[in-house]
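Novice: So the chains spell out like this:
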Amino acid sequence: MLTLVVIVLDGLVYSSWLFIVAVGLTLIYGVLRIVNVAHGSFYALGAYVMASAAGYYFARGLPPQANYLIIPLAALVVGLVVGLPLERGLLRFFYGRDQVVLVLVTYAAFLVLEDATKLVWGVDPYYAVEPYRLLGTLSVGGLPYAVYDLCLIGVAGGLGAVLWWGLNRTRNGKLLGAVIHDREMSEAFGVNVTPIFTATFVLGAMLGALGGALTAPEISVVPGVGAEVIVLAFAVVVTGGLGSVVGAMLGALIVGMARAAVIHLAPSVELFVVYLVMAVVLALRPQGLFAPAAARKI
Amino acid sequence: MAAAALRRDFTPVILTAALVLLLAGSAVVPAYLRFLFELALANGLAVMGLMLLMRAGLVSFGQGLYYCLGGYTAGIAGSFLGISDVFALLALGAAVAAVVGLLCGLLIARYREIFFAMLTLAFTMVLYGLLINNERLGSTDGFNVPAPHFLGWAPEGERLGLTLFVVTCVLVYVVALGLHRYLGSAMGYLGEAIRENELRVEYLGASVRRLLLVKYVLAAVLAGLGGVLTGLAVGHVDPDLANWTTSGEFLFMALLGGIENVAAPLLGALVLELVRSYALEYAPYLWQMTLGATMLVIILFLPGGLWSLARMRKGADLTPEL
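Chains Y and C, in that order, are what the protein sequence lines are.
Numbers 481 to 778, taken from our numbering, label the letters of the first sequence in order.
Numbers 8 to 329, taken from our numbering, label the letters of the second sequence in order.
Chain Y with its partners taken away, still in its complex shape (with noise of 0.2 Å):
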């Protein structure tokens, strides 16, 4: 029972924190229908600055309980000072272009990023344990169980519904259905688009960022963080279908608690399931299990 207990939590936390980490992604690929790479990078990029900030906040001396807040402008600086030049520096160039192209370019990107943090942080560890160790830990039927890892079921809880609440009942979220639904339609009915996909691969970047600023505490940032996070965020959003919001929390509740139930159950396939799961709904259902079959326009 208290096995039972500890899957279903442990699933939620790590699907809620795999939802933070994959939004963007879909996000991005729903719009600009771009397979990101670089969202890799974000993640990185967050829990670095997320890192380094959360540090000096510290050395300081300032109130402990408001480092909280370095967490969300660390992915407000992400996502303006790298992935708004991005997009405009880079990405624009290829619109219109073949999606396996922007596969390519934005893994180069990725691989650019990859070296430049390593060039502005070096490549020691970098830690920032005092946003997770404040919270200190809750009982749960009597096993210690961390607040800060509670507390991100509330955060994607949050992201998810203002997620939807934007996209679904804003004026730019209407506009932004319409530009995914038809790009050239809503064009022709005089959307300015430009803009919409701007903005959008910004939010997708401070998604990213996001993910890894609140990830930042749990674990030690080196390079190569990034790498490892874009096949998992992959696997959330393919499972769930591609460019679907919803689908991406889906996803990552099916992926989050089949990693929990493994990782209790039978922890020497942890990582495959994982996989496992992408690859048999990819050949069953490539455009993922919550998306609408979209008709081939020829």
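Hints are computed from structural coordinates only; laboratory data are not their basis.
Quick caveat, the model's predicted, so the values are computed rather than measured.
Please note that the accuracy of each hint is not assured.
Selected chain Y positions facing chain C (in silico; Cβ < 10 Å) [said to hold, decoys possible]:
#1 R513
#2 A707
#3 I710
#4 A763
With the Cβ distance kept under 8 Å, some of the chain C side facing chain Y (calculated, not the full set) [unchecked claim]:
#5 Y118
#6 F122
#7 V133
#8 I139
#9 N151
#10 M296
#11 G299
#12 M302
#13 L303
For every residue, glycine included, the Cβ atom is placed at its ideal position computed from N, Cα and C.
Fit chain C to the known structure of chain Y by using the hints.
Specialist: Only chain C this time, still in chain Y's reference frame:
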């Protein structure tokens, strides 16, 4: 076809000259440089397979799957089964890659574009996930591959390195010649036809699915052979061979060299290996940045890869490959 037949085909000449040059050079160049060429040629095998797919319009993000299978087959056969003859290992690696390639290919050959890329990626990551958690095969550290024999002959040290190099060169030469013939055959040309318009190929009476399956299995076998040679040359295999970054590098080599000629992927693999070793020596933190920047420049300005420079001189147009 008639025009192509009338034009003289220089590729076999170039390949033969390269083989002679490499074999003659191996006697004089330092061992590290020979090792570098050996690795480049082994990778080049995998990239030639990728070229085959790319000519048909399919970009695989998962050739590392077969590369890794080849390497691990060589390692397992050598360490656990006591098979250490180079030719037996090569045959075994190719066979394993072919079987897995056929099974995966039956599924993968149905997909195109981004879905093909992602499915190949997923498959290679499945193997990666399996190997990472396998304690008997050394988990993330991998394990050592014992030194191979050559038809009963067991050289050591410098001799071993040289022999393995000669075997690699000759194998790559034979494969490249064979592949060149294939590309010039009707089946080879149909690859480009599929890229241009799949429906028309079907109307012409050819089975797109079967053609792609054959190409996919061939690419798998080539990557498997490359993996065996790399495993033997390095003497060690680890799960990173199946990680998506390895497949990404193959893709990069194909873009860099080009996909018009069998020699182009070999050129791409060689240039990358040379740049990598020198960049790692002089600017270790800038290596990936160099790689990424070069990739962008190639995609933007030289979509046919380095090989298309040769054609440009002759005044032909630079057709984008992707």
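Novice: Decide, hint by hint, whether the structure agrees.
Specialist: Going down the list of hints, with the structure as the test:
no.	hint	verdict
1	R513	holds (9 Å)
2	A707	holds (6 Å)
3	I710	holds (8 Å)
4	A763	holds (5 Å)
5	Y118	holds (6 Å)
6	F122	holds (4 Å)
7	V133	holds (5 Å)
8	I139	holds (6 Å)
9	N151	violated (23 Å)
10	M296	holds (4 Å)
11	G299	holds (3 Å)
12	M302	holds (4 Å)
13	L303	holds (5 Å)
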